[in-house]
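Going down the list, the sequences are from chains A, B and C.
Okay, so the first sequence: first residue is 1 according to the working numbering, each after it adds one.
Okay, so the second sequence: first residue is 1 according to the working numbering, each after it adds one.
Okay, so the third sequence: first residue is 1 according to the working numbering, each after it adds one.
Some hints could be false.
[Unchecked claim] Pairs of lysine-lysine, DSS-like flavour, derived with a Cα cap of 27 Å:
1. 129(B) <-> 83(A)
2. 83(A) <-> 122(B)
3. 92(A) <-> 192(A)
4. 240(B) <-> 147(A)
5. 219(A) <-> 192(A)
6. 122(B) <-> 240(B)
[Stated by the list, open to error] Stretches of chain B that chain C covers, calculated by requiring three or more beta carbons in the stretch to come under 8 Å of a beta carbon on chain C:
7. 149–155
8. 250–259
9. 277–283
Everything labelled a hint here was simulated from the structure, so no lab data went into it.
Quick reminder that beta carbons are idealized off the backbone N, C-alpha and C, glycines included.
If you want the building blocks of each chain, they are given just below.
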Amino acid sequence: MCSTRACKSSDSSTVTDATISPITLEVRNLSTHFFTREGVAKAVNDVSFSVAPGEIMGLVGESGSGKSMTGYSIMGLIDAPGKIVGGNIFLKGRDLRGFDAEQMRDVRGNRIAMIFQDPMMTLNPVLRIDTQMIEAIQAHEPVSREKALARAREALVQVGIPSPDERLFAYPHQFSGGMRQRVAIATALLMKPDLIIADEPTTALDVTIQGQILYEMQKLCRVSNTALIWITHDLSVIAGLADHVCVMYAGRIVERGSVAQVLDQPRHPYTRGLIDSVPSHSGTRGTTLKQIPGMTPSLLALPSGCAFRERCHWADNTCRDDPAERTDMAAHGVRCCHPLEGQA
Amino acid sequence: MLVYIIRRVFQSALVLFLMSLLVFVGVFAIGNPIDILISAQADQKDIEAATAALGLDKPLWSQYWVFLKGVAAGDLGRSFAFNIPAIQLIFERMPATFELALVAMVMAVGLGIPLGLLAGLKPNSWVGKLIMTGSILGFSLPTFWVGLLLIMVFAVQLGWLPSNGRGPTTNLFGIPVSFLSVEGLQHLLLPALNLALYKLSLIIRLTRAGTQEALLQDYVKFARAKGLSSARVVGVHVLKNIMIPIVTVIGLEFGSVIAFAIVTESIFAWPGMGKLIIDAIAVLDRPVIVAYLLVIVTIFIVINLVVDLVYSLLDPRVRLSESKG
Amino acid sequence: MMNAPASLAVESPWQRLRRDFMESRLAMFGLILLGLVVFVAICAPLISMQNPYDLKQVSIEDSRMAPGSTMSTGKTALLGTDEQGRDLLSAIFYGLRISLMVGVTSTFFAMLIGLSIGLFAAYAGGRTDSAIMRLVDIQLSFPAILIALILLAVLGQGIDKTIVALITVQWAYYARTVRGAALAERQKEYMEAARVLALPTARVIFRHLLPNCLPPLIVIATVQVAHAIALEATLSYLGIGVPVTEPSLGMLIRNGFEYMLSGKYWISFYPGIALLITIVAINLVADQLRDVLNPRLQK
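Use the sequences and the hints to build the structure in full.
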């Protein structure tokens with residue numbers, strides 16, 4: 001289920017001139033580099049995508065692919081030695097890159113919220129839950145403590161936490177992992193943001209809890225029309241949750257499209273490899289598990305041209321040149337010299 | 001919780017008892033104070049009389065038993081040199097030492113935590129590096145040498161502050177204190193600074209390390225992602241987390257501050273317990289030595305106990321898990 | 001994620017240690033300074049103008065002369081003379097000798113004793129281990145100066161007694177560190193392997209365990225030498241350390257203290273500077289060693 005308008009291809013450069021654009025987030029040619037003693041790591045390399053209100057986009061890749069860094073770049077949380085070196089980030093039409101520190105601070109937690117992977121360490125262990133939720137509200141709005149407390153309580157109810165009144169006065173270590181993540185989600189929803197970026201929020205949780213959280217997130221986003229970017233390495237999560245997906249490798253987007261397109265008809269060898277390496281029920285027992293040969297290259301020592309060519313079955317000399325992204329009529333984009341055709 | 005307290009108190013009492021035994025045996029078994037207190041012309045009879053009067057002719061275990069009975073009654077013997085009860089002598093000098101130690105701790109904490117925070121937040125700036133270098137110096141230089149330097153610069157060369165003695169005292173809740181008058185403060189400043197320096201460096205280093213570690217934690221990232229101001233992130237989130245180990249250290253260090261006061265008191269001729277013990281050792285005034293050591297050990301044990309309790313109050317993880325099981 | 005390309009050079013741990021150490025100019029400066037101090041201490045009789053403790057060479061007429069003045073023997077006292085007429089520079093050289101000797105000797109023996117006890121505790125395990133560690137904890141919870149004070153009050157003055165006191169103060173720290181390191185190393189696989197191969201325990205300890213526990217020990221020992229020197233100076237200053245006949249730097253400072261207020265500052269000040277230089281040099285070296293040997297900072 002994908003509205004073609006949402007799956008914009010990267011080489012279209014028009015954006016509406018209206019100050020408030022219907023698209024929640026548009027990222028254009030974003031590049032974030034890390035300048036270390038050993039060299040420059042291009043963590044995010046010319047990345048573009050957009051997300052519409054109420055839409056869920058999956059950002060898939062292995063560790064080191066740059067997916068988390070993309071999220072941080074949008075939030076403005078890149079610290080030295082990293083720096084956003086190019087591109088634009090349009091939040092409802094306004095370019096965040098032009099914002100100063102105070103303006104960015106106002107956006108964070110307010111218009112864009114982020115959820116992290118490990119809820120034990122994201123919640124400060126020595127502060128109570130109510131303190132941590134109330135401060136998220138009071139940082140952006142002059143609201144009394146009582147009102148803020150009431151809103152926090154409401155948010156906890158929304159994410160399905162039982163006995164919210166007691167829970168508010170508890171400490172993080174008194175919650176289970178799944179509950180803590182729900183608290184983090186509740187905190188993210190407090191200011192009714194336009195966009196939520198979730199960075200592998202269920203990776204550290206049991207599969208059953210994971211399922212519950214996914215369901216909740218999906219429901220909440222539809223109801224409040226909040227855009228959601230779900231960063232993960234787990235394709236199966238994306239399959240059940242997202243509307244459209246971008247696959248990242250070594251800092252670049254190598255394939256994009258609706259979930260149906262990308263997962264059923266992958267065109268990039270890496271995507272294909274990812275899908276194939278998931279053990280499935282349909283294979284006969286005793287067949288070897290498929291894997292992508294080789295290892296993710298270090299961002300400091302990327303091969304020239306297509307970053308995947310050293311692990312790609314179909315690579316040849318033309319892959320030494322950097323492939324440009326090409327999009328077909330159905331807005332299914334791929335960055336590859338020899339995109340795969342057709343089979344499932 | 002109560003069980004925990006009782007257990008700790010019992011352990012402390014045991015340690016105290018063992019220490020008293022060690023101290024007693026150590027001090028009494030070696031050295032003969034009679035030789036110092038009796039004039040050289042005394043003949044054998046006088047020596048014997050004096051020995052008997054001080055109870056030094058009885059066997060060791062008997063002397064210890066007398067001693068224990070005395071302790072139970074609150075009497076730790078009379079000072080050989082001053083001929084007043086040793087414990088009274090110590091209590092007379094205690095307020096001076098405590099005042100010095102407290103002011104020094106306040107200085108060390110009041111300056112140490114902000115400086116350490118600053119050094120942790122901006123480790124590569126010139127301010128951060130300056131603070132760190134200063135702390136290395138403060139940590140490695142012997143206290144008495146710094147005291148020397150302070151006297152040389154501020155008392156001799158500049159003549160701003162007095163170099164010895166305690167200022168005039170006024171009574172605060174019945175305890176004589178000297179910080180309530182300007183002159184008292186002048187006398188207090190240099191010795192307190194001297195005493196504080198070592199602890200100050202320690203606290204700076206601890207706070208800095210704690211801050212640097214805290215800044216890498218996820219909860220700081222999350223706090224920033226919520227859009228909290230830097231002031232709140234540092235002032236509330238970071239600070240509360242690093243306070244716990246720092247408070248523990250501060251508490252434990254207070255005891256050692258009292259011990260280190262020995263040196264400072266000697267340099268600045270501050271009339272406290274420390275100077276008393278040095279003088280007592282020089283003349284082998286056993287009752288005073290024993291009384292001082294016992295008092296100090298007791299102080300230590302009490303401090304350790306209090307710190308443990310405060311720590312469990314501050315860290316909710318410890319407190320709540322204790323109450324559950 | 002941000003992995004540096006693997007270094008192709010193969011060098012021994014010692015070479016790498018030296019290379020990393022030399023990266024800090026401050027540490028190199030400290031090392032040079034330290035070398036100078038040690039040199040002076042060892043060669044004191046050869047480079048001093050006079051032996052300040054040989055009464056025949058000292059004249060009371062020269063007492064309390066300002067730096068740069070000429071003594072009765074015709075030589076110049078670069079740093080002045082003390083109240084006995086001794087040339088201060090020579091006194092400092094000899095004093096350095098004693099300070100360093102006391103510091104290094106006590107640290108060495110404390111390390112030896114602490115190491116043995118710590119290893120023993122780690123291997124004995126169980127209640128022996130707990131008992132020893134309780135003792136260690138109790139001792140460590142008291143400030144060094146107090147323990148030294150008690151000991152010296154009982155034992156009296158003297159260089160050997162001071163060394164004993166310093167050893168007593170320091171051993172516990174080594175014992176605890178070594179025991180902790182030994183326990184951690186025991187869990188590691190190479191120890192399993194050594195056990196499986198039925199290597200004799202002594203060999204396991206010396207060839208396998210010890211070299212891995214060594215880095216933190218080196219750092220601690222270096223810092224402790226500075227502490228020992230500082231503590232000895234403090235004790236001597238208080239009059240309960242080394243005797244007047246063989247003064248260390250601390251004793252020299254004590255002797256000169258009473259002249260501070262009358263303006264004859266050099267008698268205390270210059271020995272103090274010598275002490276400062278020694279301690280700072282050791283600390284500079286120790287700090288860099290700590291950074292270099294810290295496995296967590298190994299990149």
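Now the hints, each set against the structure:
1. 129(B) <-> 83(A): 25 Å, holds
2. 83(A) <-> 122(B): Measuring from Cα to Cα gives roughly 19 Å; hence the hint holds.
3. 92(A) <-> 192(A): Cα-Cα ~15 Å, so holds.
4. 240(B) <-> 147(A): 25 Å, holds
5. 219(A) <-> 192(A): 14 Å, holds
6. 122(B) <-> 240(B): 19 Å, holds
7. 149–155: holds (count 4)
8. 250–259: holds (count 4)
9. 277–283: holds (count 4)
Every hint, counting from the list given before, is met by this structure.
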